[in-house]
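Asks: Those sequence lines, one after another, are chains U and P.
Taking numbering that gives the first Met the number 0, the leading residue of the first sequence gets 0, the next gets one more, and so forth.
Taking numbering that gives the first Met the number 0, the leading residue of the second sequence gets 0, the next gets one more, and so forth.
In short, the hints are calculated from the structure, not lab data.
From the three backbone atoms N, C-alpha and C, an ideal C-beta is built for every residue, glycine too.
Hints should not be assumed to be uniformly reliable.
Now the in silico label distances, taken between C-beta atoms and shown as ranges [unchecked claim]:
1) P:ASP43 / U:GLU183: 53 to 63 Å
2) P:ALA278 / U:GLY180: 50 to 60 Å
3) U:ASP147 / P:GLU140: 29 to 39 Å
4) U:ASP147 / P:ARG300: 52 to 62 Å
5) U:LYS299 / P:GLY74: 49 to 59 Å
6) U:ASP43 / P:THR26: 42 to 52 Å
7) P:GLU287 / U:ASP43: 29 to 39 Å
8) P:GLU287 / U:GLU183: 16 to 26 Å
9) U:SER276 / P:ASP282: 33 to 43 Å
10) U:ASP341 / P:ASP341: 35 to 45 Å
11) U:ARG184 / P:LEU275: 28 to 38 Å
12) P:GLY180 / U:GLU130: 34 to 44 Å
13) U:HIS105 / P:GLU287: 49 to 59 Å
Quick list of in silico lysine-lysine cross-link-like pairs, DSBU-like style, CA-CA up to 30 Å [to be verified]:
14) U:LYS299 / P:LYS299
15) P:LYS224 / U:LYS224
16) U:LYS224 / U:LYS181
Listed below are several chain U residues computed to face chain P (Cβ distance under 7 Å; list not exhaustive) [unchecked claim]:
17) ARG259
18) GLY261
19) GLU307
2 protein chains.
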Amino acid sequence: MNDGVHAVAWTYGALTLLDQRRLPGETVYLRIDDVDGAIDAIRDMVVRGAPAIGIAAAYGAVLAARAAWRAYGAGWKGPWEADLERLAGARPTAVNLVWAVRRMRHLGLDLPDDQDPEPALLDEARAIHAEDLAANLRMGELGAALVDSRCGVLTHCNAGALATGGYGTALGVIRSAWKEGKIERVYADETRPWLQGARLTAWELLQDGIPVTLLADGAAAWLMKQGRVGWVIVGADRIAANGDVANKIGTYALALAARRHGVRFMVVAPTSTIDLSLASGEDIPIEERPADEVLELGGKRVAAAGAEAWNPAFDVTPAELVDAIVTERGVLVHPVHECLVDLMQD
Amino acid sequence: MNDGVHAVAWTYGALTLLDQRRLPGETVYLRIDDVDGAIDAIRDMVVRGAPAIGIAAAYGAVLAARAAWRAYGAGWKGPWEADLERLAGARPTAVNLVWAVRRMRHLGLDLPDDQDPEPALLDEARAIHAEDLAANLRMGELGAALVDSRCGVLTHCNAGALATGGYGTALGVIRSAWKEGKIERVYADETRPWLQGARLTAWELLQDGIPVTLLADGAAAWLMKQGRVGWVIVGADRIAANGDVANKIGTYALALAARRHGVRFMVVAPTSTIDLSLASGEDIPIEERPADEVLELGGKRVAAAGAEAWNPAFDVTPAELVDAIVTERGVLVHPVHECLVDLMQD
Numbered sequence: 000m001n002d003g004v005h006a007v008a009w010t011y012g013a014l015t016l017l018d019q020r021r022l023p024g025e026t027v028y029l030r031i032d033d034v035d036g037a038i039d040a041i042r043d044m045v046v047r048g049a050p051a052i053g054i055a056a057a058y059g060a061v062l063a064a065r066a067a068w069r070a071y072g073a074g075w076k077g078p079w080e081a082d083l084e085r086l087a088g089a090r091p092t093a094v095n096l097v098w099a100v101r102r103m104r105h106l107g108l109d110l111p112d113d114q115d116p117e118p119a120l121l122d123e124a125r126a127i128h129a130e131d132l133a134a135n136l137r138m139g140e141l142g143a144a145l146v147d148s149r150c151g152v153l154t155h156c157n158a159g160a161l162a163t164g165g166y167g168t169a170l171g172v173i174r175s176a177w178k179e180g181k182i183e184r185v186y187a188d189e190t191r192p193w194l195q196g197a198r199l200t201a202w203e204l205l206q207d208g209i210p211v212t213l214l215a216d217g218a219a220a221w222l223m224k225q226g227r228v229g230w231v232i233v234g235a236d237r238i239a240a241n242g243d244v245a246n247k248i249g250t251y252a253l254a255l256a257a258r259r260h261g262v263r264f265m266v267v268a269p270t271s272t273i274d275l276s277l278a279s280g281e282d283i284p285i286e287e288r289p290a291d292e293v294l295e296l297g298g299k300r301v302a303a304a305g306a307e308a309w310n311p312a313f314d315v316t317p318a319e320l321v322d323a324i325v326t327e328r329g330v331l332v333h334p335v336h337e338c339l340v341d342l343m344q345d
Numbered sequence: 000m001n002d003g004v005h006a007v008a009w010t011y012g013a014l015t016l017l018d019q020r021r022l023p024g025e026t027v028y029l030r031i032d033d034v035d036g037a038i039d040a041i042r043d044m045v046v047r048g049a050p051a052i053g054i055a056a057a058y059g060a061v062l063a064a065r066a067a068w069r070a071y072g073a074g075w076k077g078p079w080e081a082d083l084e085r086l087a088g089a090r091p092t093a094v095n096l097v098w099a100v101r102r103m104r105h106l107g108l109d110l111p112d113d114q115d116p117e118p119a120l121l122d123e124a125r126a127i128h129a130e131d132l133a134a135n136l137r138m139g140e141l142g143a144a145l146v147d148s149r150c151g152v153l154t155h156c157n158a159g160a161l162a163t164g165g166y167g168t169a170l171g172v173i174r175s176a177w178k179e180g181k182i183e184r185v186y187a188d189e190t191r192p193w194l195q196g197a198r199l200t201a202w203e204l205l206q207d208g209i210p211v212t213l214l215a216d217g218a219a220a221w222l223m224k225q226g227r228v229g230w231v232i233v234g235a236d237r238i239a240a241n242g243d244v245a246n247k248i249g250t251y252a253l254a255l256a257a258r259r260h261g262v263r264f265m266v267v268a269p270t271s272t273i274d275l276s277l278a279s280g281e282d283i284p285i286e287e288r289p290a291d292e293v294l295e296l297g298g299k300r301v302a303a304a305g306a307e308a309w310n311p312a313f314d315v316t317p318a319e320l321v322d323a324i325v326t327e328r329g330v331l332v333h334p335v336h337e338c339l340v341d342l343m344q345d
C-alpha cells in the first residue's frame with residue numbers, strides 16, 4: 000500500500016527531512032546530524048504536523064545521544080537529558096513532541112551507562128515511526144467506515160503523510176474513503192497564514208491522483224451552507240481529557256459552521272496526541288507565531304506598512320462540537336469524555 | 000472633516016480611479032475616459048466596494064453619454080442605453096451598481112434629445128457621489144452611538160473610504176467611534192483571497208493614525224472566544240427585503256462565530272444597498288471569481304499544480320444573525336424585516 004510521501008526518514012545515519020517550507024515549488028531534503036539542527040527544523044517548520052514532529056524529535060534524541068556518548072562516554076545521560084528538555088520545548092502545542100521525547104528518555108535512562116546507546120535508541124525511534132504509520136493505516140479504515148453515504152468532505156491544514164509517519168491522519172481517512180468510492184469531492188481550506196492546504200494537502204492528494212478543490216478559509220461556512228459537505232475531517236495537535244481538541248487555527252470556526260449546518264465533524268489522531276494530564280482545552284498552551292507570517296506571503300510583504308498582526312497557530316474546539324474522535328485503538332463518538340479515559344486505560 | 004483617501008474622482012473631464020489592486024505597495028491613479036474603461040475597471044477590481052462601484056458607474060454613464068452624443072447627436076439615447084446595460088452587468092452582486100445606473104438612466108431619458116447631455120448627467124453623478132459621502136458621515140454617527148461600552152471591534156474586507164465616496168461605511172463607524180474613544184483596538188481580517196483587510200483596511204486606517212491588528216480569517220472565531228471583541232462591523236453588497244445581507248466571502252462565518260460568543264454584529268450600508276425586489280438572500284446572485292485568485296498570490300502561484308479552486312466572492316448572512324443594520328435614514332435593530340420595508344417607504 001502506498002503510504003504517500005515521506006516527510007521524515009532516517010537515512011545514512013542521520014535524520015532526513017523534506018523541507019515543507021519550500022513545497023510545492025521545490026522538493027528539497029535536508030540532512031540533519033545534530034540535535035540543534037532537529038530543534039531548529041521543528042521550530043522553523045521544516046517539519047510540521049504533530050505526529051511528524053514527534054517522530055523527528057525521536058530521531059533527534061538519537062542524534063543527541065550519539066553526540067553525548069562521543070563527548071562524555073559513560074557520563075552521556077546528563078547532557079542528553081538537557082538536550083531532550085530543549086527538544087521537547089521546540090514547539091509548545093503539539094503534545095506528540097513531548098510524548099515522543101518522554102518515551103525516548105524512558106528507554107534511554109534504562110540503558111547501561113557504559114555502552115553506546117545509539118543502536119537501542121534508534122530502534123525505539125524507528126518503532127515510534129513504524130507504529131505511527133500503522134496507526135494511520137488503522138485509523139484510515141476506522142474513519143472511512145464512519146462515512147456512511149457518498150458525500151463531499153472538507154479538510155483543513157495538512158494532516159497527511161507529510162504531517163505523520165506516512166499515510167496521514169485526516170488524509171489517511173480521506174485516502175481510505177476515496178478508495179472505497181465514498182467521497183464525491185475533497186475540499187481543502189488553503190489554511191492561512193502558512194497555506195498548508197494549498198501547498199501541502201493539495202500537493203499530497205494530487206500525487207495520489209485524488210482531485211482537490213481549494214477554497215479561502217473564509218469560504219468554508221458558505222460551502223457547508225451549499226450542502227456540499229457531509230463531513231469535516233481534521234487532525235489534532237493535542238486532545239485534553241474532556242475531549243477538547245487543539246488543532247490548526249481555523250478549526251474552531253469550521254466546527255461552529257459544521258454544527259450549524261448538520262455537517263459532521265471528525266477528528267483523526269493517534270493516542271499519542273491525547274493528553275490526559277490536562278482537564279480541558281483551556282489548559283492547552285497555544286503557540287503564537289511571528290506576526291510576519293500574516294504580514295508577509297512567500298517572503299514578500301503584503302500588508303500595509305505599520306500594521307500589526309495577531310498570529311495564534313492553533314485554536315481549541317470544544318468536545319461538544321466534535322462528533323467523532325478516531326484513534327488507532329478505536330472510535331469515540333460524541334460525547335467523548337468518559338470513553339476517552341477508558342480508551343487510554345486499555 | 001477628513002473623509003479619508005479618494006478612490007473615485009472626476010477630474011479634468013474624466014473618471015480617475017485609485018488602482019486598488021496595487022495598494023499598499025504603489026499609489027497609482029488611472030485616468031478613464033470611456034465606458035469600456037469603466038467596465039473593465041469595475042470587473043478587474045481597480046475599484047471595488049459596493050458604493051464606490053456605484054459612483055464609478057455613474058461617472059461611467061457620463062462618459063458613455065459623451066461618446067454617444069459625439070457619435071450620434073440627437074440619436075444618442077439608444078446607444079447610451081446599450082452601454083448602460085453593459086455597465087450594470089460588470090459585476091453581479093453589489094446592487095449599488097444597478098441602482099446608480101438606473102438613476103442615471105432615469106435622468107438621462109428625460110433630457111432633451113438635441114442637447115449635449117453631459118452637463119446634466121455629470122451633475123447627477125456628482126450628486127450620487129456627494130450623497131454617498133454624506134450618508135457615510137451620518138452612518139458613522141449612528142453606528143458609533145450603538146457602541147455603548149469601550150471594546151475591541153473586528154471588521155472584514157474593506158468597507159472604508161476606498162470602498163465608497165469617502166469616509167466609509169463600516170470604517171466610517173469605526174472612525175467615528177474611535178474619535179469618541181469607544182474603541183480599544185481595531186482588528187481586521189486579512190480577507191483572502193484578495194487581502195482587502197491587509198492591503199486596504201490597514202492602509203486606510205493607518206493613514207488616519209488608527210492602529211490596526213490583522214489576523215488570518217480563520218483566527219476570527221478564536222479572537223472572539225478570547226473576549227477581545229464587542230462588535231463585528233461590516234459593510235454590505237446587497238441587502239434583501241427580509242434583511243439577509245450579502246457581503247464579502249467570510250462574513251457569514253463571522254456572523255456564526257459572533258452569535259456563539261455574544262458578540263454583536265453590525266452591518267453598515269446606505270439605502271442604495273437595499274434591494275426590496277428580492278424577498279430573501281437566496282435570490283441574490285453570488286459572483287464566482289477566477290480560481291487563480293485563490294491559487295496565486297501577488298501573481299505568483301502558491302497552490303500545488305493541478306489543484307482546482309472554488310472562489311465565491313460573497314456570501315449571505317441571514318437576517319437572524321444581524322443585530323443592527325445602520326443606514327443613513329436610521330438604524331434597524333433585530334429583527335429587521337418590517338422596519339426595512341418601512342424605512343424604504345419614508
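Asks: Now look at each hint and say whether the structure bears it out.
Replies: Checked hints:
no. : hint                            : verdict
1   : P:ASP43 / U:GLU183: 53 to 63 Å  : violated, 33 Å
2   : P:ALA278 / U:GLY180: 50 to 60 Å : violated, 40 Å
3   : U:ASP147 / P:GLU140: 29 to 39 Å : violated, 55 Å
4   : U:ASP147 / P:ARG300: 52 to 62 Å : violated, 37 Å
5   : U:LYS299 / P:GLY74: 49 to 59 Å  : holds, 52 Å
6   : U:ASP43 / P:THR26: 42 to 52 Å   : violated, 35 Å
7   : P:GLU287 / U:ASP43: 29 to 39 Å  : holds, 37 Å
8   : P:GLU287 / U:GLU183: 16 to 26 Å : holds, 19 Å
9   : U:SER276 / P:ASP282: 33 to 43 Å : violated, 53 Å
10  : U:ASP341 / P:ASP341: 35 to 45 Å : violated, 59 Å
11  : U:ARG184 / P:LEU275: 28 to 38 Å : holds, 37 Å
12  : P:GLY180 / U:GLU130: 34 to 44 Å : violated, 58 Å
13  : U:HIS105 / P:GLU287: 49 to 59 Å : holds, 55 Å
14  : U:LYS299 / P:LYS299             : holds, 11 Å
15  : P:LYS224 / U:LYS224             : holds, 23 Å
16  : U:LYS224 / U:LYS181             : holds, 21 Å
17  : ARG259                          : holds, 6 Å
18  : GLY261                          : violated, 13 Å
19  : GLU307                          : holds, 5 Å
Checked against the numbered hints given earlier, this structure breaks hints 1, 2, 3, 4, 6, 9, 10, 12 and 18; the rest are met.
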